[in-house]
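Which chain is which? The protein sequence lines are A and B, in order.
Residue 346 in my numbering sits at position 316 of the first sequence; the count goes up by one each step and never skips.
Residue 382 in my numbering sits at position 352 of the second sequence; the count goes up by one each step and never skips.
Just so you know, these hints were derived from the structure itself, not from any lab.
As the structure is a computational prediction, the values presented were derived from the model and not from experiment.
The reader is advised that the hints may include incorrect statements.
As the list claims (entries may be wrong) - Below, computed lysine-lysine pairings styled on PhoX-like, alpha-carbon distance capped at 20 Å:
hint: 1; chain 1: B; residue 1: 225; chain 2: B; residue 2: 236
hint: 2; chain 1: B; residue 1: 236; chain 2: A; residue 2: 79
hint: 3; chain 1: A; residue 1: 236; chain 2: A; residue 2: 225
hint: 4; chain 1: B; residue 1: 79; chain 2: A; residue 2: 102
What the hints assert, rightly or not - So these bits of chain A aren't anywhere near chain B, every CB distance computed over 12 Å:
hint: 5; residue: 132
hint: 6; residue: 224
hint: 7; residue: 248
hint: 8; residue: 321
hint: 9; residue: 363
Backbone N, C-alpha and C define an ideal beta-carbon position, used for all residues, glycine too.
There are 2 protein chains.
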Amino acid sequence: MARAQLFDNALLPDGSCVALLVEDGRFAAFLPAGAAAPEGVERVDLGGKLVLPGFVEGHIHLDTSFFGEPWKPHKPNTSGFSVRERVRFQTETIATADPMRERARRQLELCLRQGTTTMRSHVMIDAEVKLSHLEAVAEVRAEYGDRIDIQLVAFPQSGILTSPGTAELLDAAVVAGCDLVGGLDPATLDRDVEKHLDVVFGIAEKRGVGVDIHLHDGGTLGVYEIEQICHRTRALELQGQVAVSHAYALGQVDAGLLARTAELLAESGVAIMTIAPPDHAFPPVAPLRAAGVTVFSGSDNIRDSWWPYGDGDMLRRANVIGHRSAFFTDAQLAEAFDMVSAAGAKALGLDDYGLVVGAKADFAVLDAAHVPEAVVAVPSARDVYKGGRLVARNGALVQV
Amino acid sequence: MARAQLFDNALLPDGSCVALLVEDGRFAAFLPAGAAAPEGVERVDLGGKLVLPGFVEGHIHLDTSFFGEPWKPHKPNTSGFSVRERVRFQTETIATADPMRERARRQLELCLRQGTTTMRSHVMIDAEVKLSHLEAVAEVRAEYGDRIDIQLVAFPQSGILTSPGTAELLDAAVVAGCDLVGGLDPATLDRDVEKHLDVVFGIAEKRGVGVDIHLHDGGTLGVYEIEQICHRTRALELQGQVAVSHAYALGQVDAGLLARTAELLAESGVAIMTIAPPDHAFPPVAPLRAAGVTVFSGSDNIRDSWWPYGDGDMLRRANVIGHRSAFFTDAQLAEAFDMVSAAGAKALGLDDYGLVVGAKADFAVLDAAHVPEAVVAVPSARDVYKGGRLVARNGALVQV
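Input sequences plus hints: build the corresponding full structure.
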């Protein structure tokens, strides 16, 4: 017989209070609160607390965090920001850190106990580390497979053209289990936008996978690269499977160019990932969403070589997005939450997500009257369910 | 006999682990960890947790928060931001809210249980509400007098010249118990910088109190007003007793004008309060501090008519300051914490603050290795002591 549970007295974001019938890990029916549990169905009383769909962590690096290790003071750049210099610091620090599997587990658990039930992690691939990071992270992914869904992106952290052998390694990474192929600053890192994108989209076409490109390149340069990504996406009919992460350029150009680029992004089905960074311009959330662009979010760096911050909490991330975007009304606060839930699911191509019949029963339960209050209050006590199974209680992981 | 306690195994920010001897609510000696408690002295084991000086909440509005009430959706401005329109919304919302004393208590307790042991609250004074807000808040201040020190600023929320009778009310408010006299956007609200400042500094001189002026006026206009405030501060020898709150202008002018204004502020002993607002320019913390300006912080609005955010947590505020200022190194993270502790104490004119012998034994105890880690992790479980007396345990208020 199917495993089944009835989660009674569930307050939904629409204000209704219902009983959620879960069968085989999926929502089977939404019944009136107080409905009798069918025979053999376990009844769980959620006590009128708010039920939110499991959070979608859209951008994280499971291989590089030092969360849970003894404190590592931040090492500043010697002169201005340089991706290559930071990668060198990262390599040095990782060399003396705990094993990658251990670090990935800690970071995963940090996210999990706060309500993330699906994530997309970038995994560094380059001529030096080759597929070693992927091997470690893929092993941890398998280990946690029943508690969290993880997409992996083959991420060319040291560039593609300038790190010989990386093109082949990216392809091998996809064959070995990466769900998407990544890219990184085609202009400033590889000094050849077209050849960089040739490799990335070449692998995407050959292997039938999606694309998620890190793009820090600013201003009109960054917008040009976004345009090229959109054109290639349409040429290969990859709409809905391509994302540009960071895309700072969109926060740096005039309103006219932004509007034209937003239109192109929407038409091309290219999503934008932003963490709503605290100290510099970022893609303006409201105009992009209004133009029909899928804008989602993630934690990005958590206590790593890049900065000392990060908490893996996607509800806090919604709060940060709201703050940074001057989102004050209920509708705006709900938009911020959408970026860490439904919009994230759309960007990740999930078709069985949300508080709807048929979707995976992935949800977080917390004390708030509705989504806007959850976004401003960020209650830390949360119960988290994956496929109807309790994985965290009161913000702490349930040991299995 | 004096009330005395020995707080053993206290990890201090400098990394030493000591026993803090507290007598009559003040630090009497720092002894080696494990020192025997003198006879009749209660021994409290802090278990090696980090001890931080009680946080200084430098800018709050105890009369206007709706924290703890049923959700009040944010009402946006009808066209652009207008202080007067927001004040009207505020008046409407307060009319149907819980009694002010009740709301002030809730907000106070929110701050207290997170580690704030000293605060400066602005209290609205205008021709309509007259001294009614002050009466309510002063009563609550007295009620909590043994758990938190509160300075009150007579705050002309509706302007001074344009709200007839306010000048006299501000003076009466100081006589009735306000510790400082406030002002608000002399140019854009009252359209007369000099007459507005005449009233404010006139009361300061007459009553021997300090000044804390809200200044949202931007760009060179705001800088001009800051200059005028500095000149008046020096003329009246009020150095160290004057603050400008918000001072957005300092984040909007070129580096040369900023540097000159910073020098003037430092020479004039005029402090700058910033919450490090999330969505617009603010006084740049590092250059101001490097120039010798006292820069402190506060929560400002907490779930009120102005915005739905706010948590009353000054450690989280340090985190926000760090994020917004791109403070990544240990020294920078410590600077962010300084703004919610020692710099706040300096701005508020406290001479018995800090983890030093003779100071009030106001401190927070939490789980972190040191200040930088506390600032990035913002642990929510905190024990809070005021004058050596436990007022909150594990983030919850201790009932007395």
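Against the structure, the hints:
no.: 1; hint: 225(B) <-> 236(B); in the structure: holds (16 Å)
no.: 2; hint: 236(B) <-> 79(A); in the structure: violated (55 Å)
no.: 3; hint: 236(A) <-> 225(A); in the structure: holds (16 Å)
no.: 4; hint: 79(B) <-> 102(A); in the structure: holds (19 Å)
no.: 5; hint: 132; in the structure: holds (19 Å)
no.: 6; hint: 224; in the structure: holds (33 Å)
no.: 7; hint: 248; in the structure: holds (16 Å)
no.: 8; hint: 321; in the structure: holds (20 Å)
no.: 9; hint: 363; in the structure: violated (7 Å)
Of the hints listed earlier, those the structure fails to meet are numbers 2 and 9, in rising order.
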